[in-house]
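Chain D is already provided as a structure; the job is to place chains F and B on it using the hints.
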Amino acid sequence: MDLMGFFLETGFWMACIRMATPLIFGTLGELVCERAGVLNLGIEGIMAAGCMGGWMWVYLGGSLWGGIAFAGFVGALFGLLHSIFTVYLGLSQHVTGLGITMLGSSLSAYVFRMLLPKATTPPKIIPFQPLDIPFFKDIPFVGEIIFSQTPMTYLAFASIIFVAFVLYKTPLGLALRMVGENPLAVEAQGLNVFLLRTLAVCFGSAMMAVGGAFLTMSAFDAYYIGMVNGRGWICIALVVFSSWKPYKALIGCLLFAGFDAIQMRVQQQAGMAIPYQFYLMLPYIFSIIALIIMSRKAAYPKALLIPFRKGER
Amino acid sequence: MAPFTMTEPILKLSGITKYFGAVAANDNICFSLEKGEVVALLGENGAGKTTLMSILFGHYVADRGEVEVFEKKLPPGSPRAALTAGVGMVHQHFTLAENMSVLDNIMVGTQSLTCLKSKKKTAKKKLSHLMERFGLSVNPNAIVKDLSVGEQQRVEILKVLYRDAKILILDEPTAVLTPQESDSLFATIAQLVKDGLSVIFITHKLREVMAASHRCIVLRQGRVVFESKTCDTTPNALAKAMMGSDIVRPLRQRQIPGKEVLSLEDITLVDGKGKKLLTNLNLTLRTNEILGIAGVSGNGQSQLADLISGLVSNYTGKLKLDSKELTHVSPRRMIKEGVGRIPDDRNGTGIIGDMSVMENIASVTYGGPPLSNKGLLRFSAIATLAKKLVKKFDVRCPSINTPVRNLSGGNMQKLILARELSGSPRIILANQPTWGLDVGATSYVHTQLLAAAKQGAGVLIISEDLDELFQVADRICVIFHGRLSDPKDANQVDRAKLGLIMSGQIASHGRVNGEKNET
Amino acid sequence: MRLEVRESISIVRLICALLMALGVSMAICSVLILWGGASPLEGWKLLIKGALGSRFALSETLTRATPLIFTGLAAAVAFRAKLWNIGAEGQFYIGACVAVLLGTKGVALPAYVMIPYLFGAGALAGGLFLLVPTFLKTHLNVDEVVTTLLLNFVVLLFVNWLVFGPWKDPMSMGWPQSEPVLDSAILPIIMAKTRLHLGFVLAVLSAVFVWWFMEKTTWGFEIRAVGSSIKASTFAGMPVTNTIIRTALLSGGLAAMAGVSELCGVKGYLTTDLSPGFGYTGIVVAMLAALHPLGVVASAIFVAIIYIGADSMSRAINISNYIADVTTAVSLLSVLVALFLTRYRIRRG
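Protein chains in written order, with our numbering: chain D, 1 to 313; chain F, 1001 to 1519; chain B, 2001 to 2349.
Looking at chain D on its own, in the form it has when it is part of the complex (with noise of 0.2 Å):
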């Protein structure tokens, strides 16, 4: 086992950021979504939904870009639910998110089997390939990495920009961070705290969706039932390990990826020495210690999980 090895192959590096990218994807939408104030634990289901929302678009003859805007469009229908039930109705945030995540994972389950009811091998489509962007991708190393990824993966470095940008430099950002600090403060301000987070989970809950999109248009060329499996909830735990940042969360994506390629190289270096489950376990035993290493000084947003209720004394 040569482990240094790895860091010096671009296969290495280009693994780790392909892996990232549907992570970022959700990790960014659940951020925004706890930055105003929402505990969106429908995630896992928005995923499987854009998934197979994606790929359905796809397999039916769309363009694939036009899978990736049916991917967003079913996950922001997910996120208004979500909003009916813990913005206007005020909803335990928990129960309702889990709620979310079962509907969202039988429907996409219920859908493909439908559609497809006697297929045995699911079927394939041609995904986004890799695109190499002139010049840089001919900067040694670094332009190979970064450069010749598809380009959904260009489409998740463009979001942090972009939901880092709005947060923090646009007149919305501000007000949809503090609707998630005190709701009040923005309600005496003469804006709409409804309207704000309903905002904010819809455009979470369509990143999300665009993540889980990624791995059918992507990173595979199908869809299986179940093929989600846990990334969600991981993206949960990164958004805390990130401190609600979005470039904390980038870094955080990346890290957590880092260790995914690793113990995958590892897994096929040292064969069958430790078994493959083992391995397995890894990425969610990881997102477990991050938490408990973050959560220590984690500052949530102060509203999080509190329902806003108009005039409620």
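These are calculated hints, taken from the structure and not from any lab test.
Wrong hints could be hidden among the right ones.
Claimed, not checked - Below, simulated DMTMM-like cross-link-like pairs (lysine to aspartate or glutamate); rule was C-alpha separation at most 25 Å, straight line:
#1 D:K248 x F:E1098
#2 D:K245 x F:E1098
#3 F:K1205 x F:D1489
Frame of chain D, contents of chains F and B only:
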């Protein structure tokens, strides 16, 4: 002070009516405001002042009636519309995001949300201009939670001025201020009026009305019962109008204090970041005595209360009850030793809202006989006790099975009193016991505390309301930055001087003086 | 729109709301059946027939309800204390593993000793397992939702390793499954010629016990108080941390008992598909029952009807049996709204 005359009313409320359940919080209220006028909206707690202003500002929607600003009808239920029309409100509980900067708090909502750029520079310029013009200085980059209460209020006022409000509503603005800070607030108000703004301030303090308003309107039980130019009326007339006739305030009867029941010796409490929350604090409380602790909130009151309740334990120094040392013990032990606690956060800490009246009454003493036996609850005993206490303490509830969440604030407080005082505690710790209560409930609480002192308990009242302390306390001391001043006899202490100690302008004359250089 | 707290909660309104929720979920799922090209009315008829139409169908439904009662209770107890234990799935497998560990080898105890022994040991292990995230919550401020969820994946992989590796039954002809438990560990059948086993009775007894525990004991009182308000319970002098730990032991134990019951009552050996998500479905069961322990029995049977009925319905009218999962998810959401409407009224303005 005479208001400008000959002007059209810039604000007109007509026929405002608002019910909460069956209770009319506002009943057909009409009044108007003129340019450059300061109107005091006067009334006891629960008279409907805040509800009225919340309707004006759009937090609530009135059942009937309408609001006109500059002769235009204001759409109901929209703070945004009120702000656009030039109405600004400073809430009693500040609506600030504590973890964010002053500038952020002021800027939020002032630009269109579709704007691509926060115009921070322009905002800062405008803000510093405003601060200069009205003599309100705050560091715009400071994080709100690091500011003092007075500064936070300045931020609130700046928020309103930043939006070019023409009408400023201040809800109980002096409730949390020292007398000196209040004076400077009234100077600011005078400045604003000179600049052409109109001000409505809500209060129940007559002194302030006489000093700072042109006109006063008194509300009682949701109705306007009195209206007059301030120069044409007297404090006595106002007091009469506020109180009605049926409520008699309890009067302090001086007891001869007995032996020491509670003593704190050299208590110091440090938070996680090394900041001192309580510093070398000494305090003694005797039987038959009511000791009042004054101070602006956030100076260590809640820590002191938590400490005596047994909720914090990482302090140094000694806590003694009847000369028995009880340093670092649990809340349960403190209860057992005879400490009755009335917390400041009634809804969150004092009661368990989802549980019934009966269960709340049992929630402190359920652990042993007669309410339980070997880990099994005895419902008949609990119900009997609950029925008895509900009757004795006049808790108005449909049944003892009603969830406490559905009770009014006054009844919740009575329930807490029932729970905490029924065991005849030797020490009563009352933290802001009448906060937000109406007159009736306030006088009930005071009566109970006075009665308990008469029967031999030592009572410690922590309050931000100096009037309350002057009304019930035998001795008064001040807490400032976690230090306690020497208690003074309530009959001999001077309000202005207390105010100066409260704002730290003169050092507290106490044993703490020696360590002044330490921090 | 404004929400107003109702002064009182009436039983009639509660029942109406629940019926309304049922109607709404049926309507939504009817659309899905319709999309599959079948008649919804026919579908629902088949569903009821498939779940309750015969002695055997009924027994299958109750067999399916058994683990759901346990996991439903696990969720109900934990959620009452606002301990968000989403890890019942993992605790289920912990219980099953313990049953295999102690029930396959070792001394052949008589059944009346063996069965309580397995349930006791399984419950203890499940409870202790939940203590890990619980300690992280109480002592290190780590959110238990994510930790319990992630631990489910860890446990499932662990079980996967066990049945593919060290515990693989050499007699299983290559199938990944453990050795079967001893005969004395098998739960007796309580309805002849069906699969309905003693576990059902134990589940119902557990529900009664949990109800009694929550309502009548001081510990139960503390759990309810802590769940309503940690701040107020601390202030009232209750042992908050201990209460949360007790809740965790109880909740994890109940979830693990589902695993023991399923293993010793239905399969007899451990596989990775012993639970088709009983842990997660338990959350739905608990919420449908509004966290009431006795209600859990009813809602577990209700959910079991949907699953068993949907199985035969989907075969008959040729739609996917995932309709059952969709139906439970939709009914969870609609019951949440229904329960909300019994507590609040929506007013304009």
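Hint check:
1. D:K248 x F:E1098: 23 Å, holds
2. D:K245 x F:E1098: 18 Å, holds
3. F:K1205 x F:D1489: 23 Å, holds
Taken one by one, the earlier hints all hold for this structure without exception.
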